[in-house]
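As they're listed, the protein sequences go chains A and B.
At position 229 of the first sequence (counting the first as 1) the number is 229 in the numbering used here, and the numbers step up by one without a gap.
At position 136 of the second sequence (counting the first as 1) the number is 136 in the numbering used here, and the numbers step up by one without a gap.
None of these hints come from the bench; they were simulated from the model.
Mixed in with the good hints, there may be bad ones.
Said to hold, decoys possible - Below, in silico cross-link-like pairs of lysine-lysine (PhoX-like), each with a Cα-Cα straight-line distance of 25 Å or less: (1) Lys283/B / Lys103/A; (2) Lys103/B / Lys104/A; (3) Lys48/B / Lys104/A; (4) Lys104/B / Lys6/A; (5) Lys40/A / Lys54/A; (6) Lys103/B / Lys8/A; (7) Lys149/A / Lys104/B; (8) Lys103/A / Lys48/B; (9) Lys70/A / Lys54/A; (10) Lys104/B / Lys289/A; (11) Lys279/B / Lys40/A; (12) Lys6/A / Lys103/B; (13) Lys8/A / Lys104/B.
As the list claims (entries may be wrong) - With beta-carbon atoms standing in for the labels, derived distance ranges: (14) Ile81/A / Ile118/B: 29 to 37 Å; (15) Gly268/B / Phe65/A: 12 to 20 Å; (16) Phe92/B / Ala210/A: 37 to 45 Å.
All C-beta atoms, glycine included, are put in the ideal place defined by N, C-alpha and C.
Chain by chain, the residues:
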Amino acid sequence: MKRCIKYKGLLLLLLPSFVWFFIFKYVPMYGVIVAFKDYKPMLGIMESDWAGFKYFERLFTNSQFFTLLKNTLIISTYKLIFVFPAPILLALLLNEVRHERFKKAIQTVTYLPHFISWVVIGGLIQTVLSPTNGVVNYVLGLMGVEPIKFMMIPELFRGIVIAADIWKEAGWGSIVYLAAISGIDQDMYEAAEIDGAGRLRQAVSITLPALAPVIVMMFILRIGNMMDAGFDGIVNLYNPTVYGVADIFDTYAYRVGLIDFNFSYSTAISLFKNVVGLLLLIFASKITKRISGYGIW
Amino acid sequence: MLYRKTSTGEAGFQVFNYSFLAFIAFLMIYPFWELLIVSVSPAVEASKIGLKLIPRGFTLEAYRMVFESKLIVYGYFNSIFRTVVGTSITVFLCFLTAYPLAKKMLPARNAFTVYYLIPMFFSGGLVPNFLLIKSLGLLDTIWALIIPTLLSTFQILIMRNFIMSLPESLEESALVDGAGFFTILLRIVIPLSMPIFATVALWEAVAHWNSWFDAMIYTRSNRNVVLQLLLRRVLIEHNNEGITDSLQGDEGVVTKTVEAATVLVTIGPVILMYPFLQKYFIKGVLIGSLKG
């Protein structure tokens, strides 16, 4: 108690953010009880009738549930397989570049898309893939391929999302790996060179093993986020014809909740997703702690 | 590095590597370049298919149309307002939170840390947040875009870790010299924390400038529109019709150039400032990835 009085200055500083967190983070957590109620806007959260697990039953018995689960996991897994290694590969290739200015130029250009919003990226992708005047169809046309309506073909949608993600984030993601590479002891390379190792040998035997802890750490963090398959990217690229392969928990909860105004059902979907995500995250952080000796905080 | 002999295999790899990276860079930059070309092209040229490397014809008609639109003016004003105001308050509040959390003498320090950490792992989700904003009467005001995003646990943690890395002895010696609590903050801690302020500010500013979803669900009237939302209407909602081929002919042709001009006007500030700020961003990422 004495300490509280002595350090009241510090406590006072915390006050605004304490209140803010309570209102904007903890009140919505309480708000999840909407999922267990028949929410009526007229009545508000308190007065609306209890619905028990009705909305969860509706979710789990709906065939839509498996589509959502499948899409979320498939898109996340694709991202682990294709998006995750892209920055590592880019960093390795950039590391082999000897001309500083060329390297700088490439880096500047590849970092750029990270700073552009998904709305713009979505628009750009649609323009580039347009069947009437998109440049991709132009190049395909030169090879004698008929124009393809890329955005309307369900089989292609996930591929497009993944490619867009790589395009947007690979350069930016490479920063961490390049930093890790620059921390590697240069003597090791010289020693390897004297032993007759070529550049490839050095990359495989020195650079990659040195990067391994960073890679493992980033990988596990990604696993913790499996339930987030990337709302922004999907919402700005999808359209009704590809809902079947594009819908993830987040996009579906958004349409059900804020477009169809089915508040309780939408909250139930989000809650399910958040709880599973939370479990994955705890699991992932336990593993990182074990492997790297320090957790994510 | 000294006298290396390059084998043919390595030389081959170097050629491949340089061309491959140059190709990647081309892929990154081309869509933006095409946008620029289309935006200054006469409408007929813009709708033609093909690689657009140099403009055929030149007109600023599209830009004239864009800047004549009242919506763009509103959008600009609101985007700048939310970015500047939101970012400044964020840096201020974030410091107020991070500083005490960095101090070992803070009473109940662990409890506070847990309090700020929990929201990182669990959140109410879309609807409860929407209902909160609604019941606070913030719907369809610019404050709905600023107040709910003021703080994030992640930023607080980064700033806290940075402050913890500052030498404790500086503050102690100031205390011995008779400086009060606020003097120490103003004269020592804040000046030393400038790099982390810049980091958080840059991230927050880009996030504000680029965010659209909160604007889409919390604002209605044109008076409160932000640029990204405007873009979404122009690009995504219109384009979704475009890809079903219903939009052809003159009207569609004009829109192409206007679309491009709108995008460029919107991303302009980011692109223009980006080369100068790049090194700070990179520093920021590296500070962010360090763990305390």
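Compare the distance between the alpha carbons of Lys40/A and Lys54/A with 25 Å, and conclude whether the hinted pair is satisfied.
holds, 15 Å
Lys104/B and Lys289/A were given as a pair; does the straight-line alpha-carbon distance stay at or below 25 Å?
Distance of about 23 Å is within 25 Å: holds.
Taking 25 Å as the top limit, are the C-alpha atoms of Lys283/B and Lys103/A close enough?
Distance of about 18 Å is within 25 Å: holds.
Ile81/A versus Ile118/B beta-carbon gap, inside 29 to 37 Å or not:
holds, 32 Å
Given the hinted pair Lys70/A and Lys54/A, is their alpha-carbon gap at most 25 Å?
holds, 23 Å
Pairwise hint evaluation, Lys40/A against Lys279/B, where the allowed Cα distance is 25 Å at most:
This hinted pair is violated, its Cα atoms lying about 51 Å apart.
Given the hint of 37 to 45 Å, check if Phe92/B and Ala210/A actually sit that far apart at their C-beta atoms.
Taking Cβ atoms as reference, Phe92/B and Ala210/A lie about 40 Å apart, which means the hint holds.
For the pair supplied as a hint, Lys103/B and Lys104/A, confirm whether the alpha-carbon distance does not exceed 25 Å.
violated, 39 Å
Holds or violated: Lys6/A with Lys103/B, Cα cutoff 25 Å?
Distance of about 13 Å is within 25 Å: holds.
Starting from Lys48/B, check that the Cα of Lys104/A is at most 25 Å away, please.
violated, 34 Å
Proposed proximity, Lys6/A with Lys104/B (alpha carbon, max 25 Å):
With Cα atoms ~13 Å apart, Lys104/B and Lys6/A stay inside 25 Å; holds.
At the C-beta level, are Gly268/B and Phe65/A separated by a distance inside 12 to 20 Å?
violated, 44 Å
The structure fails hints 2, 3, 7, 8, 11 and 15 (numbered hints given earlier, in ascending order).
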